[in-house]
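Position chain G relative to chain X; hints supplied.
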Amino acid sequence: MSRLRKQGLTRRALLSRAVAAGGLAVAGAGFIAAPDAAWAVEVTAITEHQMATLLQMARDIYPHDRVGDRFYAIAIKGYDSAEHRAMVAEGIEMLDAAAREAGFDNYLAAGWEAERVAILRSIEDSVFFQTVRGGLVTGLYNQKEVWPIFGYEGESFSQGGYIDRGFDDIDWL
Amino acid sequence: MANAARFELTDDSVVVIIGTGAGGGVLAYELARQGVKVVALEAGGRYLPEDYINDEWDSFGQLAWTDPRTTSGDWRVARDFSGLPAWIVKAVGGTTTHWAGASLRFQDHEWKALTTYGAVEGASLLDWPIDAAEMAPWYEKAEAKLGVTRTGNFPGLPGNNNYKVFEAGAKALGYKQVSTGRMAINSVDNDERPACQQTGFCFQGCKWGAKWSAAYTDIPRGEATGNLEVREHSHVARILHDNQGRVTGVEYFDRDGNLHFQAARIVALAGNSFESPRLLLNSASSMFPDGLANSSGQVGRNYMRHTTGSVYAIFEKPVRMWRGTTMAGIIQDEARHDPSRGFVGGYELETLALGLPFMAAFLDPGAWGREFTSALDHYENMAGMWIVGEDMPQSTNRVTLSDVEDRFGLKVANVHFSDHPNDIAMRNHAYRQGQAIYRAMGATRTLPTPPYPSTHNLGTNRMSERPEDGVVNRWGQSHDIPNLFVSDGSQFTTGAAENPTLTIVALAIRQADHIAREMSAGNL
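Chain order of the listed sequences is X and G. Each number in this note's numbering comes from the position in the first sequence (counting from 1) with 1 added on. Each number in this note's numbering comes from the position in the second sequence (counting from 1) with 63 added on.
Some clues are possibly wrong.
[Unchecked claim] Listed below are several chain G residues computed to face chain X (Cβ distance under 8 Å; list not exhaustive): (1) Asp-118; (2) Gly-222; (3) Asn-223; (4) Lys-227; (5) Val-228; (6) Ala-231; (7) Gln-260; (8) Thr-262; (9) Trp-385; (10) Leu-419; (11) Ala-423; (12) Ala-424; (13) Arg-433; (14) Asp-440.
Simulated from the structure, these hints should not be mistaken for laboratory data. Given the structure is predicted, the values throughout are model-derived calculations rather than measurements. In this text, a Cβ means the ideal position worked out from N, Cα and C, and glycines have one as well.
Okay, chain X solo, but in the shape it has when bound (with noise of 0.2 Å):
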């Protein structure tokens, strides 16, 4: 299994290894990371670029511009396991030749979220995209870290409801 962690990796170490993927991650010799290298994702039973695909076709089908590359990636890290290898390698696969139809070398080499978007909706259908959007539902959304972006303020009953802290605090009607 893959896991994520924040290393001390330098960016320039990073770099120093790395293959560009998209601008949005580096991926490198069993990882990929930001590329601040603020975080990185160890990748195990699928290739750097299959993770980094993964990663970019995430961030497109759910695309938040306030919530980070590090939240997507716990999303889709569990597609980093032998169980999910062949579905992945497959699935990419078959977005990549999606891509290569629209122009471009692979999926990550389109450059505007829209060109990405287009070829995502030429295999919405496919069980290996509608598999990848219905695992970002919960894996996504349901990161509690991921809450106080959006404002939601989760579990309230530990400080005894909103009874005393806003529930009728509305100021602009």
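Frame of chain X, contents of chain G only:
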């Protein structure tokens, strides 16, 4: 429960109740209170306020019925949630753990839908064999039991942020019947339970116990009488009968998968509108080849789910709709019957809030890309309401046995549903009105949201005056089998515009009174 009774499997003097929710849980207590011995079989486990979880998915995993079901028909739920036609609970107390608490009586005319609306093409409308006058005293008892706000001496609940937007918009449109509603949520300490603390998470089980649930009221009180035994994790497989066509008891699987037979003097079925007809159909025998209580062919038919949908809206400034009571208020002006709107029957508008995880799952299932995510980006600035209106009973909307089997090898329920044109006209009207309410308050974007998996599941064993029109009579008693009763929402003849729980509870109290009286008289 120290006093809880234990009855022998061979004890054929007991009433066996299948299911412990608003129907079965209340019936169990009301019978036990009157000295009747009851064995209640509950497929789920027992969870109490200390067990409930303020987390949507974790709570769903704890409480929801997720055993297999299949779906068909043109309703969108069949596509988006094909294995989950309903969001209801598998636990002691049933869906009374999950319900929002709205406790409305039917309007008088809704007991007589066929007479009031006239025949509607494609609909199998029927009048209930009972009416508002007959039900009034039972509604009073139900309201007292549930501690319903704005009845008796109970004040209304305070309005939260979501309600304040809703109320102001409603008034801007000229609506008059706008309030924080009649809720089975304590507005003051009552019945050994505290007042609402505006915690939210009403759908996840009230951790304060401020919302009424059979799980921590009627069930333990029934057990305390010494006349009620609740067997958890007991999944009923079949109802058996004798040569005279009277039911003799039920077969059920215990938590270890062992099959038992519990004898019974009377069987009352309260497994909800999917499981109750499923059980009757799975109990087919050589004497009843089409299933028990099904000489009319009506078992499983006329499945109703209310005409629902939601409207969410985004504003320039925060609303924080998730804070406080989930269903915090109601507009009732559209609940009237007024065919000039292009449909028969009416609908209620009630505030509703989902947390971020469920909003992502239910706002527009299957949608992706920026049109979807840019709405979620403004979750904090959203307000929301839910539509609940009377849908047309249709003979072809029905529960049948699927080819799929559950882990016990029992055929599961297939739920087939397609909207009637009246349902669509009503929903579209409600979408327009809901959006107008929010636009009146400056909404920058409105989101007419499709129906969720059903929470109001009705019909499928409907009550009728004539045996050929339905499954049970005015007491919820099978037309065919005198010692077999139906005690849940499946007995509804029509759905009315109101949230059904109060009516299910009122019918259960009334049915208990009838059964106890008939047992005493030696008629049952």
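Status of the hints after comparison with the structure:
no., hint, verdict
1, Asp-118, "holds, 6 Å"
2, Gly-222, "holds, 6 Å"
3, Asn-223, "holds, 5 Å"
4, Lys-227, "holds, 5 Å"
5, Val-228, "holds, 7 Å"
6, Ala-231, "holds, 5 Å"
7, Gln-260, "holds, 4 Å"
8, Thr-262, "holds, 3 Å"
9, Trp-385, "holds, 7 Å"
10, Leu-419, "holds, 4 Å"
11, Ala-423, "holds, 4 Å"
12, Ala-424, "holds, 5 Å"
13, Arg-433, "holds, 6 Å"
14, Asp-440, "holds, 6 Å"
In this structure, none of the earlier numbered hints is contradicted; all agree with it.
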